[in-house]
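Student: One letter stands for each residue in the lines below.
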Amino acid sequence: MFLSLTIRTTFAFLLTGAVALSAAACFGPSSGGGVVGSGGGGGTVRLQGAGATFPNPLYQKWLSEYGKVNTQAQIDYQSVGSGAGIKQIQEQTIDFGASDKPMTDDELKKAPGELLHIPMVLGAVVVTYNLEGVAAPLRFSPDVLADIFLGNIKKWDDARIKADNPGVNLPATDITVVHRTDGSGTTAVFTDYLSKVNPAWKEKVGTGVSVRWPAGQGGKGNEGVTGQVKAQPNTIGYVELAYATPNKLPVALIKNRAGNFVAPTLDAVTAAAAETIADTPEDMRVSITDPAGATVYPIASYTYILLYKDQKDAAKGKALVDFLWWGIHDGTRFTKEPQYPYAPLPAEMVKRVEVKLNSVVSGGKPLRATQ
Amino acid sequence: MSDQQLAAPTPSSTYGAQARTWNWRRALSPTGNAGDAVFRAALFASALVLLLIVAAMIAAIASNSVPSIRAFGFGFLTSREWNPITGNFGALPFIYGTVMSSVLALLISVPLSLGVAVFLVEQAPRRIARPITFLVELLAAIPSVVYGLWGIFVLAPFLREYIQPPLANWFGWLPLFQGTITGIGLMTGGIILAIMITPIISAVVRDVLAAVPMSQREAALALGATRWETTRVVLANGGPGIAGAIILGLGRAIGETMAVTMLIGNRPEISASLFAPSYTIASVLANEFTEASDELYLSALIQLGLILFFVTFVINGAARVLVWSVTRGTSDTARA
Amino acid sequence: MITTGRSADAARRSLSGVMTTVTAACAFFAVTMLVLILGYIAVRGLGSLSLQFLTDTPKPVGEGGGIGNSIVGTLVLLGLASVIGLPLGVATGVYLAEFGSGKFASIVRFVADTLTGVPSIVVGVFVYTILVLPMRQFSALAGGVALAVIMIPIVARTTEEMIRLVPASLREGALALGAPQWRVTTGVVLPAAASGIATGAMLAVARVSGETAPLLFTALNYKFMSVRLDQPIASLTVQIYNYSISPYEEWHSLAWAATLVLMTMILFINIAVRFFTRKKF
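Chains as they are written, first to last, in my numbering: chain C, 1 to 371; chain U, 1 to 336; chain S, 1 to 281.
Warning: the hint list may mix true and false statements.
What the hints assert, rightly or not - Below, simulated SDA-like cross-link-like pairs (lysine to any residue); rule was C-alpha separation at most 25 Å, straight line:
no.: 1; chain 1: C; residue 1: LYS230; chain 2: U; residue 2: TYR162
no.: 2; chain 1: C; residue 1: LYS68; chain 2: S; residue 2: THR186
no.: 3; chain 1: C; residue 1: LYS155; chain 2: U; residue 2: ASN64
no.: 4; chain 1: C; residue 1: LYS110; chain 2: U; residue 2: ASN64
If you are wondering where the hints come from, they were derived from the structure by calculation, not from laboratory data. Predicted model, so just to flag it, every value in this text is computed and none were measured.
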């Protein structure tokens with residue numbers, strides 16, 4: 001009985017949908033300047049992207065600037081989290097996804113076509129906090145950081161935090177951990193790092209875009225976590241660098257494998273990428289956390305655009321690869337502005353990405369080569 | 001209009017032995033008028049669409065919950081684990097958060113709403129009652145996301161600075177008021193819900209009180225009862241309706257999404273403290289639904305939606321029955 | 001009672017006085033909350049409101065930006081929801097009022113009432129599975145359908161109640177003149193109930209204009225000006241949500257200003273309805 005009801009309802013919905021659509025077709029084109037063709041011939045092309053919040057400030061800047069260069073492409077990017085980026089590109093509800101965490105083999109298998117990972121920039125996941133009266137940036141060794149996020153270290157004046165920060169006057173208040181609630185590449189990078197450096201973390205929590213947090217409260221997106229840290233005293237959280245510094249939040253120094261406390265500077269992030277470049281596989285899926293090297297910042301990551309290698313719509317596909325090409329070349333100049341502290345790809349990676357972008361096809365024809 | 005048309009038989013539709021001529025107009029409408037038949041069928045169809053929407057909703061949600069129901073069975077309701085990495089999903093922390101935040105909201109809102117309704121129906125003069133009624137109803141017109149915005153920037157800091165520290169000082173021996181004070185958590189979620197459901201509960205209680213016959217009041221007053229004693233008689237008479245109003249408020253609180261998501265802390269953990277972050281079913285759907293790439297994860301989320309659907313459906317059904325039992329026959333007639 | 005003595009009597013009277021004060025305080029408190037919330041929105045919102053804000057589209061952080069596309073998006077979504085929801089809702093309401101004595105009608109009535117209580121986020125999940133996944137596209141259409149599903153039962157029940165307020169004599173008079181029922185309903189009853197139905201419809205539109213949760217999975221959001229129904233579209237509520245959870249002071253101001261716009265719209269509808277129905281209630 002249910003089944004037949006469902007079928008009839010579906011039918012009813014299709015009918016209403018058809019009526020509504022035809023109604024829209026009547027009033028649509030006449031009622032606004034923003035109406036555009038679906039991306040067929042020479043008209044404007046609409047592209048919808050969604051995913052990682054980690055690179056969102058830079059992507060929004062890029063899209064705003066690229067819109068001035070190429071007025072034919074109307075590209076929208078929604079910052080909804082890497083988990084959603086992966087899920088929605090699998091479901092093909094968007095034209096391109098974005099994630100800081102490379103997709104797993106399982107996830108790739110679930111997609112209906114071959115997905116490419118295109119690294120765009122590098123970013124640092126920083127530990128930020130809201131502590132009144134503490135001026136100098138705090139320093140954390142890996143185990144202390146893990147124990148704070150495991151909930152084992154509960155007070156800011158804990159002896160182990162003090163040991164990392166001699167001479168800093170820490171308050172005797174409770175630590176409130178703020179973490180992500182949505183599936184997050186930033187979380188994946190952070191937990192990947194903690195799993196590498198702390199066996200207890202690896203066993204109890206593990207690595208992933210969504211994990212079971214042992215302590216703290218959740219915020220949605222890098223935006224939400226930053227907002228909650230900023231609004232509440234005595235909090236600690238992890239966010240992309242571009243969310244911390246423009247919001248005047250402090251960032252902690254992290255002790256790397258060589259034993260040095262390193263600030264999340266762009267040089268330290270680039271150094272981390274340089275350490276791992278030889279091991280980066282052909283498909284670009286790589287973790288660059290906790291590398292060797294004296295000057296590296298240990299919690300960094302590439303951030304990827306996810307797109308199908310075989311694009312259904314040639315015009316859309318072309319607009320997309322052109323934009324990505326622009327991003328890794330011309331787009332890098334915006335990373336010099338203080339609001340967008342991301343590190344451009346190392347020169348060797350740029351070459352490899354160019355090869356990848358040239359391999360994108362539609363109906364068997366390469367999209368870039370058609371120029 | 002045209003009575004001749006009524007009688008005109010339709011030759012093409014001879015219909016077996018029971019009815020010599022099967023008249024489609026008569027079949028669709030007792031008047032047998034062609035216009036009536038079409039009119040009635042069209043109206044019937046749209047009423048049917050409403051039922052079909054609900055049926056489709058149940059079917060879509062239930063069928064997508066099947067993998068999760070298969071994997072976890074009834075253990076889903078009692079498991080405290082919500083771990084996308086290991087693929088173990090349990091609803092208990094969300095059920096707990098939903099129930100606790102709603103109960104807290106009711107504890108605050110019910111006395112407040114009863115007070116408002118009693119004041120407006122029993123005590124205030126009409127020219128004061130009318131504008132206040134309108135203003136209280138406007139609280140219901142404020143969107144959830146706006147409550148959330150206000151909660152983040154006004155309510156949460158206020159609770160953090162002025163309400164929670166004294167509570168911790170005086171009642172810190174109770175587990176309810178222990179733990180870190182952040183302004184974000186179960187208490188803040190519950191209070192914003194209380195504000196949101198107050199106009200709903202008080203509006204229904206107002207209707208219920210207004211439906212209690214005037215003779216009840218007159219009898220009490222004639223016996224020498226004070227105004228408050230009279231009010232108590234009226235409240236007792238409207239008992240089932242008031243219970244219905246409260247349940248209706250509960251249903252609303254359980255399903256509220258945006259404001260709670262923005263204020264409750266979003267952490268699937270069961271804690272005795274009202275200061276601690278918590279999570280509700282509706283907020284976990286808002287946060288995680290679009291991104292659950294694993295089939296079981298998505299199914300577990302949809303099963304949470306199924307639970308939410310049924311709980312609110314049953315609660316609202318029960319509330320309507322209770323409210324009808326008091327207001328039936330007074331506000332409007334013939335509610336079969 | 002009088003024999004229990006003067007002091008007990010005084011106690012009863014003072015209790016009654018106290019309770020009057022308490023209930024008045026409750027009403028005062030509820031109104032105070034409203035004033036606090038609306039006042040805060042007005043104060044914070046007015047500061048960032050400008051013509052440019054009302055017409056611009058969102059920009060990267062630090063570059064201002066506006067809500068022009070969100071206003072247009074909200075109007076498109078509300079228009080779509082009304083196109084789908086109002087005819088169905090009104091027709092269902094007329095059915096319930098005119099033919100609503102049978103078992104089927106009481107089931108419809110009950111289901112409509114309970115559907116109004118189903119959380120809007122569940123409606124969002126439902127529309128995502130039946131429209132977004134098959135269409136492979138977040139779209140204004142999906143958002144409009146989600147809002148319509150929320151609207152239909154509200155409109156149906158208010159329509160029914162408004163029609164029941166139409167005096168039976170009017171109907172009987174028309175029937176006595178020999179008019180068929182459909183002529184009576186459409187020509188006499190509906191015009192008599194029209195203003196009531198219209199206000200009910202307006203209230204339903206006001207109600208869904210504040211919905212956020214069902215739009216997150218259906219209409220998504222969109223940065224540009226757009227009226228395309230088969231594409232994602234912006235809305236005031238989702239834009240407010242995104243701005244308000246962000247860490248940027250500038251975006252917080254934009255959230256308050258957008259809220260002021262949304263609230264003005266909603267309050268306008270509510271006050272208009274109040275004005276039109278003043279005589280009835």
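Student: Each hint should be assessed against the structure and marked as holding or not.
Tutor: Hints versus structure:
no. : hint                : in the structure
1   : C:LYS230 - U:TYR162 : 19 Å, holds
2   : C:LYS68 - S:THR186  : 55 Å, violated
3   : C:LYS155 - U:ASN64  : 44 Å, violated
4   : C:LYS110 - U:ASN64  : 18 Å, holds
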